[in-house]
Amino acid sequence: MGQRFLRGACVATAATLGLAAARAAEAPAAVHPEVWPASHSRGLRDPRTEAFVDDLMGRMSLEEKVGQLIQADIGSIRPEDLREFPLGSILAGGDSPPLGAPDRSGADAWLATARAFRAAATEARPGRPSIPLIFGIDAVHGNNNVVGATIFPHNIGLGAARDPELIRRIGEATARETAAVGIDWAFGPTVAVVRDDRWGRTYEGYSEDPEIVAGYARALVTGLQGAPAAWPALQGGHVAGSAKHFLGDGGAADGRDQGDNRASEADLARLNAPGYASAIDAGVMTVMASFSSWQGEKLHGHRGLLTDVLKGRMGFDGFVVGDWNAHGQVTGCTNESCPQAVNAGVDMLMAPDSWRGLYRNTLAQVRSGEIPMVRLDDAVRRILRVKVKAGLFGPRPLEGRVELVGAAEHRALARRAVAQSLVLLKNNGGVLPISARARVLVAGDGADDIGKQTGGWTLSWQGTGNGPADFPNAQSIWSGIRDAVAAGGGQAELSPDGRFDVRPDVAIVVFGENPYAEFQGDRATLEYQPGAKSDLALLRKLKAQGVPVVAVFLSGRPLWVNPEINAADAFVAAWLPGSEGAGVADVLVGDARGRPRADFRGKLSFSWPKRADQFSLNRGDPGYDPLFAYGYGLTYRTSREVPRLSEASGVAAVAENVDRYLAGGRVAEPWRLLLRDSGGEAVAPGTEAAVSPAGALAVRVVDAAGLQGSGRAFAWSGAGRAVFAGPAVDLRRQANGDMTLLATYRVDRRPTGPVRLGLGAASVPLQDVLGAAPPGAWRTIKVRLSCFRAGGEDLAAVTSPAWIEASGGLELALAELRLAPNQNDAVCP
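Here our numbering is used: the first residue of the sequence shown is 1, the next is one more, and so on.
Since the hints were made in silico from the structure, they are not lab data.
Computed from a predicted model, the values in this text were never measured in an experiment.
Among the hints, a few may not be true.
Pairwise CB distance ranges, derived in the manner of DEER restraints [what the hints assert, rightly or not]:
#1 Gly808 with Asp103: 29 to 39 Å
#2 Ser616 with Arg666: 48 to 58 Å
#3 Met373 with Arg48: 20 to 30 Å
#4 Ala772 with Glu63: 20 to 30 Å
#5 Gly465 with Asp613: 55 to 65 Å
#6 Gly776 with Gly467: 43 to 53 Å
#7 Thr331 with Glu84: 47 to 57 Å
#8 Met57 with Gly792: 39 to 49 Å
#9 Ser616 with Asp794: 40 to 50 Å
#10 Gly58 with Tyr632: 58 to 68 Å
In silico DSS-like cross-links for lysine-lysine, where the CA-CA straight-line distance does not exceed 25 Å [claimed, not checked]:
#11 Lys533 with Lys610
#12 Lys543 with Lys533
#13 Lys610 with Lys543
Ideal Cβ positions, reconstructed from N, Cα and C, are used throughout, including at glycine.
Given the sequences, and given the hints that come with them, work out the whole structure.
Structure, rendered in structure tokens:
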């Protein structure tokens, strides 16, 4: 059905290309709804639902209506707050744990949190209708915030599987694991059509081509929500979905997250409308607006696209929800005040930590008429309609069935998805499949690292810091290979650095990108491991020892890996496979006779670059010249030899590091350590000891955490400043994402005067923190970037992302300085 719709949508769009082109001279962001495909929300409106909503609205106060428009994050609200603030929704952000629970918690803690908020929202109060909250979560590859949940491959891998029915079943399993812990709403599907693979959210997209995206959007919505019905829309065990991020976020210039899409309206519609129209046709209940802009205008303030196109031409009857404080980026808005977004068509404002001020200001703006009552009532009606159709006023048959979280049948489905998503790029000499009777060496830092194979948006926003204990039901790629080889009578050995005593018959090297999410994953080029190529060195070492090498590459996008492909006999794009690493072994390891147990089925849904400067490489584009074209994928039956590839990347060395300043006792490139005092400025070179010009500040290398030379010790005898300086970087997105400046430090002599920790032109006092620290003990502090913004640094062009200044005596050692997510452990000193 999705493909049939897409063909019709593309024809309709093509028929209006001339009309849009003829109007190119109009205002840059002018919208012409007739350019866009017509659609209709299935199953969201019916007389019984509308009558129910009419009755509710007739009994609601103005305060209660405004409350429906506000969504708070569970990290900044408590159930008792709902007695004063009748909010319509809560969400669990990527780093927000359940109430009173650790950062990484299981199903019981999440269930208790959902029930506590729901009870507070619906408790009987005189003269007030009982309206349940809708609780949203980023269940983007399974219910991935919950320890023990099934983690499916990220969307980029599922796009390679080319199987809409698989996607529907994944949506269904995700819904069951989400409903089991009392959560009503999954923020998916992502229907971005990615056009520049430098984008840090590339792995959240199914494909560079709208055909796959449209088919999968329908399938996932159907899996999450079930088939549209008159009353109610959702049957037990389903949850509301959210098509995101409207619109064009995958086409922002330079692959920049939260950036500007500069496409013509015709191209914007041609590439991006099919996924949304398909989701709307399947009855998707919500649409999430994008952080990004179109031709310079933020989507959260774009009435033409949100109201005239989405709600008008495309017939969307659900509600539009904003993204994380994204309304604050609209011209003239702040996180606590944005009537422009409401008037443009955002129905529910995501205000994770700004909800109190936003509620009060929105209430005042309705009273003053700045937000018309008709607009308020439209937003409230849409939100209540979804709550009714989502079954929130009725029983929840799966709630509390926590045994569904990580259920065996869901894990089996995820394992199948892993196997189907693998793309075989090279198999020279038929090294694959591997006989289960072989002696197999398994190497690489990704072989036994479930955190790495699951990627971002796993138990935390960035997916970093996850260890084996956080995945009680999961299987690493290594353990899957070990079991498959053992079952066939062979031997498997894990050796991350590739060392061995007995020569193996074959080596499988698992390596790739470390976890990231959103703008933290934006790249300057597509070169994998620019600079020190440690993974390439491992591949070449094994190859030089005469061992056949199979490379298993973990990544959230296609990357330039020509040298790595050359160094391997076989090369498999495994994407970010999730919790069921055994799916890799199902395809790579054959039976005892070396016959395949399963064949490769994956086909590239993203074109693979020939050079590292092929950032925007999409089929149908002029000059299309990939290394491996869209749709490429070898099988055991249709293999071919891949010749030696050029190792000229096409790009100069680029320093991509914007978030690490000191690590392992070394100043990270492209930053420099400057020592300033009344005598001027001196550069602290390499790991050598250095002194500021007037002698007020000295630095030397010290041991940290038992590691030789892994820290820097600073000694102040007077007023001086240690500055990490370099090229200007824009940290506004990081501040909006609640990132922090993290310092791991040891006080060797307490301060005798004021101490400041700074970023750019702003700073916070640090002397009390350092004065209270026990001397000789390593400690960590996280300071929110928003603290520095509040201090006057606009963060748009920061050339000194970290500095420490003391006015008197102080001895302080540092092991690391970097940006890090706020996991409810950050401060503003």
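Here's how the hints hold up against the structure:
With their beta carbons about 37 Å apart, Gly808 and Asp103 fall inside the hinted range of 29 to 39 Å. Against the hinted window of 48 to 58 Å, the Cβ-Cβ separation of Ser616 and Arg666 comes to about 35 Å, which falls outside the hint. At about 25 Å, the CB distance of Met373 to Arg48 agrees with the hint of 20 to 30 Å. For Ala772 and Glu63, the hinted distance range of 20 to 30 Å is not satisfied, since their beta carbons lie about 43 Å from each other.
Range check, Gly465 to Asp613: about 33 Å between beta-carbon atoms, so the 55 to 65 Å window is missed. Checked against the hint of 43 to 53 Å, the pair Gly776 and Gly467 fails, with Cβ atoms roughly 27 Å apart. At about 31 Å, the CB distance of Thr331 to Glu84 disagrees with the hint of 47 to 57 Å. Look at Met57 against Gly792: about 44 Å separates their beta carbons, and that is inside 39 to 49 Å.
The given range of 40 to 50 Å is broken by Ser616 and Asp794, whose C-beta atoms sit roughly 30 Å from each other. Our hint of 58 to 68 Å for Gly58 and Tyr632 holds, since their Cβ atoms are close to 59 Å apart. Proximity of Lys533 to Lys610 is assessed by CA-CA distance (about 18 Å); at most 25 Å being required, the pair is judged to hold. Annotation: proposed proximity of Lys543 to Lys533 holds, straight-line Cα distance about 15 Å (limit 25 Å).
A C-alpha spacing of about 23 Å is found between Lys610 and Lys543, which places the hinted pair at or below 25 Å, so the restraint holds.
Hints 2, 4, 5, 6, 7, 9, counting from the list given before, are not met by this structure.
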